[in-house]
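Protein chains: 2
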Amino acid sequence: MSVTQQAVYEPLTEITAIKLSKKLQLFSEQEALTCREIGDGNLNLVFHVTSDQSNRGLIIKQALPYAKVVGESWPLTLKRATIESNALLEFAKYVPQYVPEVYYTDETLAITVMEDLSHLQISRAGLIEGESYPLLSQHIGEFLGNVLFYTSDFSADAKAKKESVKSFINPDLCKITEDLVFTDPFFDHDTNDFEPELKQDVEKLWEDVAVKLEVAKLKQKFKTSGEALVHGDLHTGSIFADSHTTKIIDPEFAFYGPLGFDLGQFVANLLLNALSQKEESRNVLYAHIAKTWEVFSQTFSTLWRNEGRDHYTKTEGYLDYVLQRIWKDAIGFAGCEVIRRTIGLAHVADLDGIEPYEKRIATKRQALRLGRALLLSQTTLSSPAELEDLVKQTA
Amino acid sequence: MSVTQQAVYEPLTEITAIKLSKKLQLFSEQEALTCREIGDGNLNLVFHVTSDQSNRGLIIKQALPYAKVVGESWPLTLKRATIESNALLEFAKYVPQYVPEVYYTDETLAITVMEDLSHLQISRAGLIEGESYPLLSQHIGEFLGNVLFYTSDFSADAKAKKESVKSFINPDLCKITEDLVFTDPFFDHDTNDFEPELKQDVEKLWEDVAVKLEVAKLKQKFKTSGEALVHGDLHTGSIFADSHTTKIIDPEFAFYGPLGFDLGQFVANLLLNALSQKEESRNVLYAHIAKTWEVFSQTFSTLWRNEGRDHYTKTEGYLDYVLQRIWKDAIGFAGCEVIRRTIGLAHVADLDGIEPYEKRIATKRQALRLGRALLLSQTTLSSPAELEDLVKQTA
Chain X
793 MSVTQQAVYE PLTEITAIKL SKKLQLFSEQ EALTCREIGD GNLNLVFHVT
843 SDQSNRGLII KQALPYAKVV GESWPLTLKR ATIESNALLE FAKYVPQYVP
893 EVYYTDETLA ITVMEDLSHL QISRAGLIEG ESYPLLSQHI GEFLGNVLFY
943 TSDFSADAKA KKESVKSFIN PDLCKITEDL VFTDPFFDHD TNDFEPELKQ
993 DVEKLWEDVA VKLEVAKLKQ KFKTSGEALV HGDLHTGSIF ADSHTTKIID
1043 PEFAFYGPLG FDLGQFVANL LLNALSQKEE SRNVLYAHIA KTWEVFSQTF
1093 STLWRNEGRD HYTKTEGYLD YVLQRIWKDA IGFAGCEVIR RTIGLAHVAD
1143 LDGIEPYEKR IATKRQALRL GRALLLSQTT LSSPAELEDL VKQTA
Chain V
793 MSVTQQAVYE PLTEITAIKL SKKLQLFSEQ EALTCREIGD GNLNLVFHVT
843 SDQSNRGLII KQALPYAKVV GESWPLTLKR ATIESNALLE FAKYVPQYVP
893 EVYYTDETLA ITVMEDLSHL QISRAGLIEG ESYPLLSQHI GEFLGNVLFY
943 TSDFSADAKA KKESVKSFIN PDLCKITEDL VFTDPFFDHD TNDFEPELKQ
993 DVEKLWEDVA VKLEVAKLKQ KFKTSGEALV HGDLHTGSIF ADSHTTKIID
1043 PEFAFYGPLG FDLGQFVANL LLNALSQKEE SRNVLYAHIA KTWEVFSQTF
1093 STLWRNEGRD HYTKTEGYLD YVLQRIWKDA IGFAGCEVIR RTIGLAHVAD
1143 LDGIEPYEKR IATKRQALRL GRALLLSQTT LSSPAELEDL VKQTA
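Top line first, the protein sequences correspond to chains X and V. Here the first sequence is numbered in the numbering used here, starting from 793 and rising by one per residue. Here the second sequence is numbered in the numbering used here, starting from 793 and rising by one per residue.
Chain X extracted, bound-state conformation (with noise of 0.2 Å):
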């Protein structure tokens, strides 16, 4: 698109996001159109431009050069606008179906223009309310078979690879994963928040060398294991859903990361959500797991086996031994998933819904188990059947 970009940033307004749309050509000469900023403001506005005459519109996303977190304010980099857009046109490649499509980008302005979803809904918000998605977990799997597949090792030029490693290199985000997820909820550190009852389970887990060791590793293999392009923050909180569309958002965390880590935290969110319905809704989510993980095995399977470029995917065994790490790391990560959602800065609104309050504290009592025990039967845990297992152990 050949549209002059501006030199200097600057915030949007609603009324700027109109005139940018219209630039653009997004619409047509004529349309009026409306505009409101739907972001939570803490990390980026977003824009919802619709035209009044026809059901078209479309998002503006721009990042804001600072977070807003517990009432403080940090610098972070408006260069994520930019690792977000291209993850989404990278993503694209494989699985276009499974991503806005995105209209437009600026650099300077830190701003992705791209396909309205407010058809769809929040996959966590829906799920909290009882919807089932019954297309969630296949879609999930496809997605992340392609995607994981094709940006690996195992499939793409070993040159052309390292390229994109270097393009997505993404400091600033996977610092606060880094901290937030794999490191402040395993230590007496100010950014946790968590409820006074828990204090002396929390505590506990603090001290708990043996789950320390697996997070140290698992922290460690985030760190520096490039083995594909990870979305890098793949919650039901990233994921727009109806009953047969799936739309995922938001990989401004994006990097090149273990196999196993979008996986863990997915399935984390799921057993998240899960631990916070009645026992008998939670077979729907079960569910969803074992064909998360059946659909993206297969998908990967069968990519490997017809199109894998790597000679060594013709080896005997070397699928199965992939395949058992990205299961392995996964349980891992969302091991993390599970306790830095309870205790660390960012909740999930699952848990911290509960009704009434000693409810809500058992819950999450259950969730620290559940964490504590995905970490130490990463080794020994070897299907999603198990999984279930081990949850109702937890109970």
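For the record, the hints were derived by calculation from the structure and aren't laboratory data. The structure presented is a predicted model; accordingly, all values stated were derived computationally and were not measured. Hints may contain errors.
A pair holds if it fits inside one copy or across any two, identical chains being indistinguishable in the list.
Unchecked claim - Straight-line C-alpha distance at most 20 Å; calculated EDC-like pairs for lysine to aspartate or glutamate:
| # | residue 1 | residue 2 |
| --- | --- | --- |
| 1 | 1151 | 985 |
| 2 | 1120 | 1006 |
| 3 | 1106 | 982 |
| 4 | 871 | 955 |
Based on the hints, put chain V in the right spot on chain X.
Same frame as chain X, now just chain V:
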């Protein structure tokens, strides 16, 4: 140094090399200089510039835009000269005593002007002649302990490390290792080079699924595991030495790779030399291997305890785990190196110089057995003493 950099690459001659030395004021105006090109002409030009008056000299190394191997010529990035000089400068931050001093670099000309080490000997040549280099393993252990610790996530600032990872992304040179160390020798590829008498042994190797599975895992580790800045080609031909000095040269393959990689290649080359020696002369090589590991692990451990920045460096058991993994990986990488130096494209004089021919073939057969045994013993071989036993078992 404020010297105007040249805008276009062109190969130096002995005359322009002298001119450059004068221009850089590395000799006094009046000194008469002599220059000899001493490179092997395959990858680089190497000019040795000396003063006729004093004993002083320097080395000008210039990358050629192609590689000449087995009569063929293929293009090879000039950027490797920048990688090499940046690696030397990075190493010098921690262990200046073990690398040549860099006086000047020019990215366009792809040159590094550095300390003259011609009073030392390439350690491969010396070891073949029976030199013992009593401090070689002490020095290499210290070099590896310092460089690997300080450039790893256990010490380095997370963001600074990622910027460094980016600047050392080295697709062309890594590709050479991926092909010549981890792939070609394990398949029937054109680049392989071995005596007809070894054909049966080699074909057996190509069909050895257990071995190939281990090499596949190590190749994936090499391609994806950016743990620390590694030299990338630390064989005995990349080390100048005498009885009290050790200098590591030629880090043009440097990149952020697995902690055990350099150690594995160095150990492998000591093992190859051991195989080429009479039984009674091998102890000095075994002692070097044991000492390298001892000094490396002590150095790394002391730095970890005193200067570990990552919170988990205080977690009980983590250091032991990391050291065990480095050792295990090093054994695996050593297995690949022993095999590729026996049947791959780039041989070592240690084996190729063995006379008579029958003995050479017998030793190469042992090298293949040893390489295989190393690859299959990664998890069971727990010390240098056990490694020595393993070598003896392959006799």
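The hints, checked one at a time:
1. 1151 with 985: within (18 Å within a copy, 70 Å between copies)
2. 1120 with 1006: both (12 Å within a copy, 19 Å between copies)
3. 1106 with 982: Between copies only: 19 Å across, 50 Å inside.
4. 871 with 955: For residue 871 and residue 955, both the intra-copy (17 Å) and inter-copy (14 Å) Cα distances are at most 20 Å.
Violated hints: none; the structure is consistent with every hint.
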